[in-house]
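Protein chains: 2
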Amino acid sequence: MKLGAGALAAGLANARTNAAPTVPNAPASSTSVEQWGLFELTLAGPSAGNPFLDTHLAARFTLGHRSVDVKGFYDGEGRYKVRFQPDELGRWSYETTCNQKELAGKAGAFDCIPAKGGNLGPVGVAHTFHFQYATGKPYFPFGTTCYSYGFVGSPIDEMTLDEMVRVGFNKVRICLLPKSLGKRKPVAMPFESIGAVVEPEKENDWKTPISARFDLTRPNPAYFAHFEERILALQKVGIEADIILFHPYDAHGFSAMGEEADDRYLRYAVARLSAFRNVWWSVANEFDLVKSKSMKDWDRFFRILQEEDPYSRLRSIHHSKVIYDHSKPWCTHASLQEYDFEKTADRFRAWNKPVLYDEIQYEGNIARRWGNLSAEEMTHRFWRAIANGAYATHGETFQQTDDLPVWSDAGKLRGQSAERITFLRKLLEDSGTTGLTGAVDPYYLNAFELDRIYLWYFDYHCVGEYEFPLPEKVSFRATLIDVFAMTKTPIEGTFTGKSKIELPGKPYQAVLFEKA
Amino acid sequence: MKLGAGALAAGLANARTNAAPTVPNAPASSTSVEQWGLFELTLAGPSAGNPFLDTHLAARFTLGHRSVDVKGFYDGEGRYKVRFQPDELGRWSYETTCNQKELAGKAGAFDCIPAKGGNLGPVGVAHTFHFQYATGKPYFPFGTTCYSYGFVGSPIDEMTLDEMVRVGFNKVRICLLPKSLGKRKPVAMPFESIGAVVEPEKENDWKTPISARFDLTRPNPAYFAHFEERILALQKVGIEADIILFHPYDAHGFSAMGEEADDRYLRYAVARLSAFRNVWWSVANEFDLVKSKSMKDWDRFFRILQEEDPYSRLRSIHHSKVIYDHSKPWCTHASLQEYDFEKTADRFRAWNKPVLYDEIQYEGNIARRWGNLSAEEMTHRFWRAIANGAYATHGETFQQTDDLPVWSDAGKLRGQSAERITFLRKLLEDSGTTGLTGAVDPYYLNAFELDRIYLWYFDYHCVGEYEFPLPEKVSFRATLIDVFAMTKTPIEGTFTGKSKIELPGKPYQAVLFEKA
Chain W
1 MKLGAGALAA GLANARTNAA PTVPNAPASS TSVEQWGLFE LTLAGPSAGN PFLDTHLAAR
61 FTLGHRSVDV KGFYDGEGRY KVRFQPDELG RWSYETTCNQ KELAGKAGAF DCIPAKGGNL
121 GPVGVAHTFH FQYATGKPYF PFGTTCYSYG FVGSPIDEMT LDEMVRVGFN KVRICLLPKS
181 LGKRKPVAMP FESIGAVVEP EKENDWKTPI SARFDLTRPN PAYFAHFEER ILALQKVGIE
241 ADIILFHPYD AHGFSAMGEE ADDRYLRYAV ARLSAFRNVW WSVANEFDLV KSKSMKDWDR
301 FFRILQEEDP YSRLRSIHHS KVIYDHSKPW CTHASLQEYD FEKTADRFRA WNKPVLYDEI
361 QYEGNIARRW GNLSAEEMTH RFWRAIANGA YATHGETFQQ TDDLPVWSDA GKLRGQSAER
421 ITFLRKLLED SGTTGLTGAV DPYYLNAFEL DRIYLWYFDY HCVGEYEFPL PEKVSFRATL
481 IDVFAMTKTP IEGTFTGKSK IELPGKPYQA VLFEKA
Chain V
1 MKLGAGALAA GLANARTNAA PTVPNAPASS TSVEQWGLFE LTLAGPSAGN PFLDTHLAAR
61 FTLGHRSVDV KGFYDGEGRY KVRFQPDELG RWSYETTCNQ KELAGKAGAF DCIPAKGGNL
121 GPVGVAHTFH FQYATGKPYF PFGTTCYSYG FVGSPIDEMT LDEMVRVGFN KVRICLLPKS
181 LGKRKPVAMP FESIGAVVEP EKENDWKTPI SARFDLTRPN PAYFAHFEER ILALQKVGIE
241 ADIILFHPYD AHGFSAMGEE ADDRYLRYAV ARLSAFRNVW WSVANEFDLV KSKSMKDWDR
301 FFRILQEEDP YSRLRSIHHS KVIYDHSKPW CTHASLQEYD FEKTADRFRA WNKPVLYDEI
361 QYEGNIARRW GNLSAEEMTH RFWRAIANGA YATHGETFQQ TDDLPVWSDA GKLRGQSAER
421 ITFLRKLLED SGTTGLTGAV DPYYLNAFEL DRIYLWYFDY HCVGEYEFPL PEKVSFRATL
481 IDVFAMTKTP IEGTFTGKSK IELPGKPYQA VLFEKA
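These protein sequences, in sequence, are chains W and V.
Here the first sequence stands for residues 1 to 516, numbered as in our numbering.
Here the second sequence stands for residues 1 to 516, numbered as in our numbering.
Think of the hints as simulated: they come from the structure by calculation, not from any bench.
A few of these clues could be false.
If several chains are the same, the list does not tell them apart, and a pair holds so long as it fits within one copy or across any two.
To be verified - Below, simulated DSSO-like cross-link-like pairs (lysine-lysine); rule was C-alpha separation at most 27 Å, straight line:
hint, residue 1, residue 2
1, Lys-321, Lys-343
2, Lys-321, Lys-101
3, Lys-500, Lys-488
4, Lys-183, Lys-500
5, Lys-412, Lys-506
6, Lys-500, Lys-116
Go ahead and model the full structure; you've got the sequences and the hints to work with.
And the structure:
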């Protein structure tokens, strides 16, 4: 473990005011930060008492007449930090406020300079049902699920990241609070332990309450710092981090900390993490399986996110059996554990937001029905989602034959669907669409961008020929796609209006029309 | 064409009273009829006027204190018939009644003798959601769809039958009224033509109404006699004939004959056909697509069937978009055009009758989404139906490369699903079950007969192992089934209670447990 020592690497500017450098590799005196990069102010302050509870640090960042108020946080060892993501070019100034005199009135400035390389800014909702980067470039979520990526530790975390990059995922669902990793242990605990670590008699069954084992008023900065390193590593390779704030897979008791501790944890997490441009908030995984919380808690968490997060990062909540009312104003998009894609149009009507089928079961071979889809079925589900104008998220659970965790925690991909899925991602990106709309009651599944892109997916139909109802007056070129073999075969000619085309008469084919 | 000359072959006993033999191959003086066989009385009578309208022939068949009233029919050329299926052993006597003196008071008797060979009697509903023959042997409908089998003519009708026998179907959905056969013509028309046959300007678009082209008061006995030959040919090889009485695929206008003609046609059909033990009544195919009729017509047809059919043959109606209320008392079972098998339990609760998914789209490659399923998808749909405690019906529509009709009319099977489907039929029959019940909300699809048979179907799940929740105190042997490869592999050992078994971890496997 290399906690604390790890650099909050690229894109992070560190300002120090009477504080020792805490990020060894950061430039000694940065005065410029990329647009949507991370500015970090580190201050030395009191460590007596409980600074997590007692010290209220904030800073106001100002550009012209605009100002943004940001909360700071205690990082342990007398170290305080304020993080900020500037979103406009120019010279930003800042000044701190604090109930501790020595941390108040610290002022400075930095230049926000143009973004470089892969920095396209944060992802937001666009065109009602889709997403784009702050630069305006469309973003199509083609993500996977590695719940433990943020706390599994080296070398598995780097291995996991390498796999995501190799295959081409651009989003990952990860848990902020630890979950069971079998015989493996998380890199640290998110709160300070009280006395010796107590092992439960059996999994998730403690004789002592969580508050007798952890001081829930004292987050463990090392745990969060490690998590942040992993978020930055994702950011560097263009992967969005859909951070799951609560979950029921609780090997330590953190799902039942109580309302006060929950809210404090949430505020601390937002203060630390919200400035990272690739952060999305997933309030919970399977919220309805968390027995200790009720709907008022979930709604309150959303409101806290809205109040505390200066950047309004994307917000969602993921369910098991009971679908959350995603029409609530704080949900930026619907995050579903479902694969009934034929209901997508109804869901769009009900919620008027993007729909992410964030859990569509897992490719794998484990002894659970949710974890043993064939690669073909997982691949088809992605195509069904896209052909309905929605998005989906990959997951994989193969029985481990080595000592690596299962991919849904972290590790190595073993299945066949992942590269088929990102083949579809590339197809969408190469098409230049800003997002496809599912056709209403189509003859065969069809999603389109009016007069520009038409994608038909034939699923289990063996179509020998089809008269595609293309628009008149626009000329299209066509490509036949075998979704599992990942072949793209240009179809000769150009097409306008009703166009009958011969097809290979086998299942799992698609045809993409692009404006010629 | 060999109309009229064809023998109403095996199982038919012909009694003649002052009438020339009309069935050349029948024994000259039959006095015995098999149980559930066909007794036919042929009488000579008036041919002047319109005997179809004017002559009301009936007969009372009596065994001990029991009597059964049966309607006769005019068979053309001064020939009248009464058909009767005796269902009890013993000496039956009969006597005719008629408004024409010369046909009244004809009396006789015959012996009903034990059934032989494959004669198991008619099929009825059993155990609420299943079927059985009159002998008590379970009957599992594994049928196909050959709409034109009854009027396509030789040699295609024999070819079609050979195919059904080769593959092992035991039911077929056939239309009584003709439908379009492309450039091919039906063997005859069901009503007498008026003047020259008029070809429509375009398909199904006539300038003259049906009543100006056919005398709807005069059925064509030759058409019906041919149809009956085909019914008997099916009966001989143990195939139930699910006779579709009305349909919207109307190349001649018979779907809009008007209420009076409809009812007369229906009564004539019942008088001719109801005595054949393998007859089922399907009031319509896609009833809701027949524009000229409304719900009151469909309900009335059911009531006429109930009134006219002395044997209460199975009765159903098949829909396109609007599901008929199968809870109505005259429906013996639900006949659906659907493949949402997960709704089966709800349907059982709503209707409390067997559920036949009678149209689940077609294996094939035609340019219609309902007609180009892969063989795998068709096979899976059958397994999903059975695993939910219901039944399904096969259909096939491959583009023809020769001059044969498509299988859904009649001809040759070209697909791969048919033999997979009847493999499942044999599996059920060999298990000795009387019918499987779909488990409520099962972990994996599972249908069972309590403490005797348990069938799991894993569909797209790649199950590497599963702990089967078998009942305690019963010992089972197990067979692993690859539903598409059609392999049955015994699993070593016997199993009781919760039994963990290793499985091959690939999709489309099933496991059958049978009491050891």
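So, going through the hints one by one against the coordinates:
1. In this assembly of identical chains, Lys-321 and Lys-343 lie within 27 Å of each other by CA distance both inside one copy and across copies; the values are 16 Å within and 18 Å between.
2. Taking the shortest alpha-carbon separations for Lys-321 and Lys-101, neither the intra-copy value of 50 Å nor the inter-copy value of 74 Å comes in at or below 27 Å.
3. In this assembly of identical chains, the alpha carbons of Lys-500 and Lys-488 lie at most 27 Å apart only when taken from the same copy (19 Å versus 43 Å across copies).
4. Taking the shortest Cα distances, Lys-183 and Lys-500 sit within 27 Å of each other only across copies (24 Å), while inside one copy they are farther apart (59 Å).
5. Proximity of Lys-412 and Lys-506 under a CA criterion of 27 Å is satisfied inter-copy only: 21 Å between copies versus 32 Å inside one chain copy.
6. Proximity of Lys-500 and Lys-116 under a CA criterion of 27 Å is satisfied in neither setting, with 46 Å inside one chain copy and 56 Å between copies.
In terms of the numbered hints stated before, the structure departs from hints 2 and 6, listed from lowest to highest.
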